[in-house]
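> In order, the protein sequence lines correspond to chains A and B. Numbering follows the working numbering, with no gaps: position 208 of the first sequence is 208. Numbering follows the working numbering, with no gaps: position 29 of the second sequence is 29.
Hints in this document: simulated from the structure, not taken from any laboratory. Where a beta carbon is used, it is the ideal one built from N, C-alpha and C, also for glycine. Check each hint, because a few of them may be wrong.
[Unchecked claim] Result set (SDA-like, lysine to any residue): computed pairs, CA atoms no more than 25 Å apart in a straight line:
{"no.": "1", "chain 1": "B", "residue 1": "85", "chain 2": "A", "residue 2": "79"}
{"no.": "2", "chain 1": "B", "residue 1": "93", "chain 2": "A", "residue 2": "150"}
{"no.": "3", "chain 1": "B", "residue 1": "71", "chain 2": "A", "residue 2": "202"}
{"no.": "4", "chain 1": "B", "residue 1": "130", "chain 2": "A", "residue 2": "143"}
{"no.": "5", "chain 1": "B", "residue 1": "71", "chain 2": "A", "residue 2": "181"}
{"no.": "6", "chain 1": "B", "residue 1": "12", "chain 2": "A", "residue 2": "202"}
[Unchecked claim] Taking CB as the label site, the calculated pair distances span:
{"no.": "7", "chain 1": "A", "residue 1": "150", "chain 2": "B", "residue 2": "112", "range": "23 to 29 Å"}
{"no.": "8", "chain 1": "A", "residue 1": "221", "chain 2": "B", "residue 2": "48", "range": "31 to 37 Å"}
{"no.": "9", "chain 1": "A", "residue 1": "2", "chain 2": "B", "residue 2": "20", "range": "42 to 48 Å"}
{"no.": "10", "chain 1": "B", "residue 1": "52", "chain 2": "A", "residue 2": "299", "range": "21 to 27 Å"}
{"no.": "11", "chain 1": "B", "residue 1": "131", "chain 2": "A", "residue 2": "245", "range": "32 to 38 Å"}
{"no.": "12", "chain 1": "A", "residue 1": "244", "chain 2": "B", "residue 2": "35", "range": "41 to 47 Å"}
[Stated by the list, open to error] Simulated coverage check for chain A against chain B, where a stretch passes if three residues somewhere in it have a Cβ under 8 Å from a Cβ of chain B:
{"no.": "13", "segment": "41-47"}
{"no.": "14", "segment": "391-397"}
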Amino acid sequence: MENIDVVIIGGGPAGLAAALAAHDEGVSVAILERDHELGGILQQCIHNGFGLRYFKEELTGPEYAQRFINKIKESKINIFLNIMVMQITSEKVITTINPKNGVVHFKAKSIVLGMGCRERTRGAINIPGTRPAGIFPAGQAQRFINIEGYFPGKRVLILGSGDIGMIMARRCMMEGIKVVAVAEVLPYPSGLKRNQVQCLDDYGIPLYLRHTIIDIRGKERVEGVTIAGIDEKWRPIPGTEKTWDVDTILFSVGLIPENELSSNAGCKIASNGGPEVDEFLQTTVPGIFAAGNVLQVHDLVDFVTFEATRAGINAAKYAKDELTIKKDQKEVVYVKPGSDVGYVVPERICGIKNSKEPYGIEFSFRVKNPRQNIIAEIISKGKIIFKRKQKFVLPSEMIHLKVKLNPEDVGEEITINIIEQDSSINVIEKEMLEGS
Amino acid sequence: MDEKASNEVNEKEIICVICPNSCRLRVSQDPKTKEINVEGNLCPRGKKYGISEYSNPVRMLITTMRVEKGKLPVIPVRSTEAIPKSLLIEAVKVVNDTHCLAPIKMGDILIDNILNTKISVIASRDIDVKN
Ligand SMILES: Cc1cc2nc3c(=O)[nH]c(=O)nc-3n(C[C@H](O)[C@H](O)[C@H](O)COP(=O)(O)OP(=O)(O)OC[C@H]3O[C@@H](n4cnc5c(N)ncnc54)[C@H](O)[C@@H]3O)c2cc1C
Ligand code: SF4
């Protein structure tokens, strides 16, 4: 058994930033990565658009990763590649397997979870009958083209207008693979406008909103696909069908945090699929921390880096016995997603009740619907204790609120709401009346 | 060209992608003064974007190149600056016809002055030699 102060599970951008931050705190650090190299999902995201916040320049995914990998290689961080983490216990014993040495155990003082997320697959394409070959998650196809250097198709339809789907549409066109259309069940594209313009419009790829696949032709291999418009109850509208001959269907219908290991370790899993954490990014198992896509699916890697840096510092402090709030989590304040808020991280705050000064917390969350001219407000004990105006909010863009709250203002729970700017006063009055 | 000579105003609708406002810009050029006029932008950044998209739209060249003797069969590459949009597909073909040899370091110049644009194509990452 190897004894290490801080063990990082996963060598993507979250793992890399957490490792560097923990290492800077002077503890021993190891990264366990199942792939043959570090960098995680960034190695296949070859497009630019990374690093504007963190490095103040626009980089490609691999460049962003390489900068961190170079720093890691210069440090004393132990890197283990081709090693699959099989199990983590609440005592922080980690069971791994690798082709060379078989099963190897590690014992850590603290752990940072950085396993990333996986693509939603189940229910992505709900059609009856057997499924022919040629249907892939978009991210997997991205790996085929950008890392392994081949692509198993010539004519493609993409289901889902998430960023991965749109970026893959452009990538296919560049490689001479024809994209016939992108179909999206929602009434608006679920990825960024920038990607719609530069990945679809630039190449004349039609985007069909409120459409879904109703039929796939082909026995062994996909031969054709039919989509149709859907009504409010998601039923196909007769007469709106469109059919193409294609040999490949890619779907890009969302990502979910990868949390088998976390829940087996005893971490409570929150509604968004990630582990429930406190303001130190510590899960419900003391000494196990989480950051990056395993905690919440991020759209910008820069925020993964910021988040993981905090997790790495806190994990190192825990290992050194310096994290002030360790087991004493009695005076917990719970954070609730309110109107039009999908989820909030962190879900609980442990330190505020015992604080004598205004207490700094960083919240991140997503809205459920695209909206304009809103106020993001924090409510506790029936009063607004923080508010910020914002012109635009989109489900595809995570919102970050850095706040300082007065301990006296905070009750047993706080709620984050998104409300209309003009109607704000009425809503608040109503809530205060209901609260009293 | 005839278009230039004609007195008709050439209006194009361009969606500004600089920020989530996604303003719909109406961009046109005065046939006499050649001045480019942008409407519908909520801020000055939109004006700048509208003018550049109207007069000379550019895009980053992002693709992969075959690697010989490398740990991986392809390497992600990019142009050092955005290149004219009209050259993009041709530039991808040039990259596809070029091979490089491992080892490669991030930033290595793999194609110099692609299509006489004075812009280079560089490696986005390191690739070691296959052992
Ligand atoms: C297609 C796509 C396009 C994107 N585009 C952009 C963009 O333009 N700009 C931007 O800023 N961000 C973008 N992002 C977001 C950004 O890339 C991610 O938020 C970020 O990579 C998440 O980092 P992570 O470390 O949490 O996860 P990952 O990068 O997924 O890393 C997780 C790592 O953990 C390893 N792992 C998992 N389980 C185990 C196990 N059991 N044992 C050992 N190792 C394990 C995995 O192999 C992997 O290396 C994009 C993401 C995707 C998927
Ligand atoms: S014009 Fe200004 S406000 Fe409008 S989308 Fe462009 S950058 Fe945003």
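> State for each hint whether it applies.
Now the hints, each set against the structure:
1. B:85 / A:79: 42 Å, violated
2. B:93 / A:150: 16 Å, holds
3. B:71 / A:202: 34 Å, violated
4. B:130 / A:143: 19 Å, holds
5. B:71 / A:181: 35 Å, violated
6. B:12 / A:202: 14 Å, holds
7. A:150 / B:112: 23 to 29 Å: 28 Å, holds
8. A:221 / B:48: 31 to 37 Å: For residue 48 of chain B against residue 221 of chain A, whose Cβ atoms are near 48 Å apart, the range 31 to 37 Å is violated.
9. A:2 / B:20: 42 to 48 Å: Hint holds: Cβ distance 47 Å, inside 42 to 48 Å.
10. B:52 / A:299: 21 to 27 Å: Since residue 52 of chain B and residue 299 of chain A have Cβ atoms about 25 Å apart, the given range 21 to 27 Å holds.
11. B:131 / A:245: 32 to 38 Å: With Cβ atoms ~44 Å apart, the hint is violated.
12. A:244 / B:35: 41 to 47 Å: 44 Å, holds
13. 41-47: holds (count 3)
14. 391-397: holds (count 4)
Hints 1, 3, 5, 8, 11 from the list above are not met by this structure, while the remaining hints are.
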